Amino acid sequence: MKARSILLVIFSLLFCLSLNAQPSFRGIAPTQAVIKNTVLRREAYESRINEVLAWYSGFNHKDDPTTASISIIAAKLARHEDLAYCDRSVISLMKEPGSGPFWMFPSAEIALLGQGQLSAEAQKSIRKGWKTQIQTRGDTENHWLMYYTSLYLMSELYPHEAGDTWYNGKSSDENLAESKEYIISWIGLVTSVGQGEYNPTHYIGEYAIPMLMLATYAKDSSMKQRGHMILDLLFADLAESSINGVLHAPNSRTDDKSVIEHWNSLSSFFTWLLYGNTPAPYGYASWGGMFAALASNYEVPDVIYRIAVDRSVTYLQKDLKRTRRRWRNSDVLMGRIYKTNYTTLDYAVGSYQGGLSDPIQTHVWDVTWAVPDPRDKHNTMFSVHPISSNADLQTYFTDPPDEMVQRVMFELKPSYDWEGKFLGGSRYEQVMQNLDTIIALYDIPADVRFGHINGFFSKDLADLTVDKSGWIFARGGNAYLAYRPLAPYTFNVISRLKPWLPGIASDNWDKRLYSPYRKNGTILQVASSKEFKDFQAFKNAILALPLSYKLDPQPSVSFTSLRGNNLVFTYGKIGTVNGNEMDYSKWKLYESPYLNSESKSNVITITYGQLKRVLNFNTMSITDTSN
Amino acid sequence: MYKYLILFIASSVGAAFGSSDAKHELYICGNINLNYVTGSKYLTLNGIYRREPNESYIHIGQNFTGIYDLAFDPFDHNHVFAASMNGVMSSKDNGKNWRVETDWRVTEAKAISMDPQAPKNIYVALPDGILSTNDFGKTWVRNEEGLPVRGKYTQAIKCDRYNTGVVLAGCESGIYIFTKSTKKWTRVFSSKATILDIQQSPLDENLWIAATELDGVQISHDGGFNWRKINNLASDHAWYNIAYDSYNKNRFVIVSWTYGVFITEDSGLTWTNCNAGLPKEHQAYKVAVDPDTNRIYLSILKDCIYTSDDFGKSWTKNGLSGSNIYNFIFISDVTDSLPHS
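These protein sequences, in sequence, are chains A and B. Position one of the first sequence corresponds to residue 1 (my numbering), numbered consecutively onward. Position one of the second sequence corresponds to residue 1 (my numbering), numbered consecutively onward.
Isolated chain A (complex conformation) (with noise of 0.2 angstroms):
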C-alpha cells in the first residue's frame, strides 16, 4: 500500500513535472555567442535562476504538503511566496527525516534559507529531526563535504547547545569544531594534491551545494571565503574540461547514462546556468533546484566565463588528480592521477594515466566532439574494457568480499557486473596521449571476469567507413576520427536494451565494437575538418602514418601520429614520446593556458588573455588583476 502511494506521487509529480514547461530544455539551444558586457552577463545569469526557481515554484501542492520536494520549498522560499504552505511542507517532511548527506544538505539548506520566513514550529521541527534521526557520514568524498558543511552551518545557526540536542551526541561547538577542521582539510588536499572526484558529471553538485551554502551563509568571514574560493575553483575545471557546455572525460565518476551522452548530467545544468553555452538537462537534473535556490548570491568570475565559453585556441591541460581511497590492495592510500586534456575549437580529447580513480563509475578516455545542440546526441568514441571484480571494489570499499558486486548494483549502478557496460575503468587498461592521439592496451588475465573490449561507435557518427588497413573511419560533428582496434572483433548493436541506457535500441542505433581477446589495444587519432580537403584525404593521411603493433607477450604499439610524434608504448611500461620517456613526476597541480598551479602549493591562478584571478588558499584571499 505503502509502495502504491509512493508510486501515485511519484506518478503525479512526472505528471505535474510535464505540464510545466522547462523552456531551456525545451527551448532552442543556446548559441556559443559571447556575452562580453558583465551587467548583461548577470542579467542573464540572473533570468536563468528565475526560470528554475519559477519552474519549481509553479507547482501547485497547496493543498497537499506531502507531496512537496525540498527543491519546490527552497524556491518558494527564494522566492519568498507562498510561505504558509512552505510551513507546512516543511512540518510534514521533518516527521520522517532522511538519514545522511542527502538529506542533510537539503534539510541545512531550507533551515537556512527560512531564517526570518519559516513559522518557529516549521524550524523547530527541522532542529528536531537534527536531533532524533542519526546521520550516517557515509564513505565517499562528497557524503563527507556535505556532511560536514552542513553539520558545520546548522551548528553556527544553532550555536552553544548540548550534546543532547544532536543526533550525534556532540555539543554545537564541538560539531562546529570539527566540521571546520575537515572543510579546511578537505580544502587543503584539493589545493595541493588535486581532487578525488574530480570533473563528476553528476557529483559536481554535491560539491557545489555545500559550498555555495558556506559561502552564502557561514559566519565566521574566512569559511565564507573557502567557501567562494572553491566554487571558483570547481566552476574554473568545469569551464576548462569542457566543449559547449558540455562535460568530457576524463571523469573521476559519471554514470551509465551521461558516459553515452555527456550532455545528460548535472554538470550540464552548471555549464547552463553559469555560462549559457547548453540546454539545461531535464528538470535541471534534480539537484539544479537546491543550487539555484542560492545562487543568487554568487557572481561568475569573468575570468572563468570567458575561460568557458571561448574555444577559438587549442589548448593543452594537464593536471594532478588523486583516486578514490584505497584501504586495500595498494601500496598507497590515494594514487596520483595525471589527467590530460586536449581541446580544440571541434573536439576535445580527454584521458588520465596512473591507475583506476574509482571501481565503478570512471571515464578514462574519450573523444568528445562539439555540436551545436547535444540534446539526444551521443557525441563521443571510446573503449573500455567492462570488468567487475570483487577485488577492485574490495580495494576501495569496506565491505565483506562476496556481497559487494550485488551491493553496489543495488546502489544505482546497475550495470556494474553487465559486460555490455561503458561504464567504468580497469586495472588492467593502460592509457597514454599526445595531444589528439589515444592509445588504449589491454592486457587482462584470464581469470578476470570479462574478457573482452567495448568499443562505443556512437549512433551520431557519419560516414563510418571500415578500411581493408584495419582502420575504422568515421566523422563526428566537425571531427574527423580514426579508430584502430589491435584485436579482431565484431560490430553488435546495443539491442539487449537496459534502462539505463538513454534512448531507444534500434538497428540504426548505437553499436557495441566487441573484441574477444584479452590482449588488446585501441588507438585512436582525432584531426578537424579544417585541417583536409575532404575525409578522404584525412583517410589517406592516417594510412600514411607508421604503424607497428604486437600483441605477445604484452601488447605494444609505435605509432607516428598525425602530429608527427613517434608513440611507443607497451603495456606495464611508461610510453615515450619521440624517444623521449614521459616524465609524470614534473606534472604540476594544474598545467594549461587557463589554470595554473604548483604542486602543494595552495595557490590557483586563472588567467584568460590579460584577465587573472589567483586563489591564494595560504592567505584565503582572492586577487583580480586585467593588465
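Derived by calculation from the structure, the hints in this document are not laboratory data. One thing to keep in mind: the hints can contain errors.
To be clear about the criterion: a stretch of chain B counts as covered by chain A if any three or more of its residues have a C-beta under 8 angstroms from a C-beta of chain A, and this derived list gives those stretches [to be verified]: (1) 57-71; (2) 95-102.
Facing chain B, from chain A, some residues (calculated, C-beta under 7 angstroms) [stated by the list, open to error]: (3) S99; (4) R137; (5) I184; (6) P401; (7) D402; (8) F535; (9) Q536.
These numbers were taken from a predicted model, which means no experiment stands behind them. C-beta: ideal position from N, C-alpha, C; glycine also.
Keeping the supplied structure of chain A fixed, place chain B upon it in accordance with the hints.
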C-alpha cells in the same frame, strides 16, 4: 586483577558456561532494510536488536544502518561502545542514545573489543589501522606500532580473555598480536588477503581460530603465536566466521557465503557440511553459539536468522526476516558493582 578475571569469566562474549546459573542476553547488530542506500529514508528498523525472553527481537535505540559491533562495560551494561560507520560511538543508556566519540579521522570501524580483565582498554579495527583507548574512551589514540604502513586494513580484533594486554588483530596482511610486554604488534601469520574473523575458544585459552578470505581457516594452539591451515576445507573463497561449542572443546562451526555451514567434532580433522535445511542460497554471513543453551544462531544474508538446537543437524527460522546481521553479541546478565579503576 583476580576480581576482574572472575568477572570476565562470567560475562565474556560467547563464553561457555551454560551449566552455570549465569544467563546471557543476546544483542544483534544488523540491518533489516536492505534497500537502504546512503541518503534514503529508512523504511525499516536497523541497528541494534535485543532478544527477549520469548525469543522475539526488539529494536533498541536509533535507527542506523552503520552499527557493526558492540563492546559492553562488564560493570555496567548500560555503558556500551559501538564500532560504526561514523567511527566509535558510546552509549550510557544501553544503546538508546549515542555519542560519536571519534572525529573525522576515524571512519568505518569494523570491530571493537574490550579487554575483559582491564575494561578501560578498548581496541578498534579500522580500515586504516587500529585505534585504542586506555581510559575507557576518554581519549583515543592510533595503536599501530609494528603494523605495516600498508596492509593494515583491520577487519577483526579480539582481546585475549585469559591474558590481559594480549590482543589479536586480523588485517589485510595477516594476523598480528599485541602484548603488554612488547607494546607493539607483531605479525604471526602472513596472509594473501584479509583476515575476516578471529575467535578464542571459551574452553581452551590457547585455542584460536581465524577465518580468512583466501587462506582458508587457520588454527593456533599456542595462544595465537603460531598458526597452521586446517586441512580438508576449501580455501578458494572466503570463510567469514567461527563459533565454538559451549561444552565440547573439539567442536566448532565455521561459515561461508560460498560453502555455507561446516562443523567439526574433532578439532578440525574432519568436517560435516550442515547446509541441509538451509536455503539453497546459503550465504552464511555470521554465526554464534548461545553460551547457555548451545543453540547456534546463523545469519543467512537477506533471508533471516536460523537457529539450530542440535548443533547443525537441523535448522529453524528464528526471526529478523530480510536481515543482514553483522554481529551476535552475548553478554552475561551478571554485572559487577565495582567502580572503574
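Verification of the hints:
Only when three residues or more bring their CB closer than 8 angstroms to a CB of chain A does the claim for the stretch 57-71 of chain B stand; here the count is 5, and the claim holds. Evaluation of the coverage hint for the stretch 95-102 of chain B: fulfilled, as 4 residues show C-beta separations to chain A shorter than 8 angstroms, against a requirement of three. Taking 7 angstroms as the C-beta cut-off, the interface hint given for A/S99 holds, the closest approach to chain B being about 6 angstroms. Because the smallest distance between the Cβ of A/R137 and any Cβ of chain B comes to about 5 angstroms, under 7 angstroms, the interface hint for this residue holds.
A distance limit of 7 angstroms between C-beta atoms decides the matter here; for A/I184 the minimum to chain B is near 11 angstroms, and the interface restraint is violated. Restraint check, A/P401 versus chain B: the minimum CB separation of about 5 angstroms is within 7 angstroms; hint holds. The interface hint given for A/D402 holds, since its Cβ lies 4 angstroms from the closest Cβ of chain B, which is under the 7 angstroms cut-off. A cut of 7 angstroms between beta carbons decides the hint on A/F535: the least distance to chain B is about 47 angstroms, and the hint is violated.
The beta carbon of A/Q536 is not positioned within 7 angstroms of any beta carbon in chain B (closest approach about 52 angstroms), and the interface hint is therefore violated.
In summary, the numbered hints that this structure violates are 5, 8, 9.
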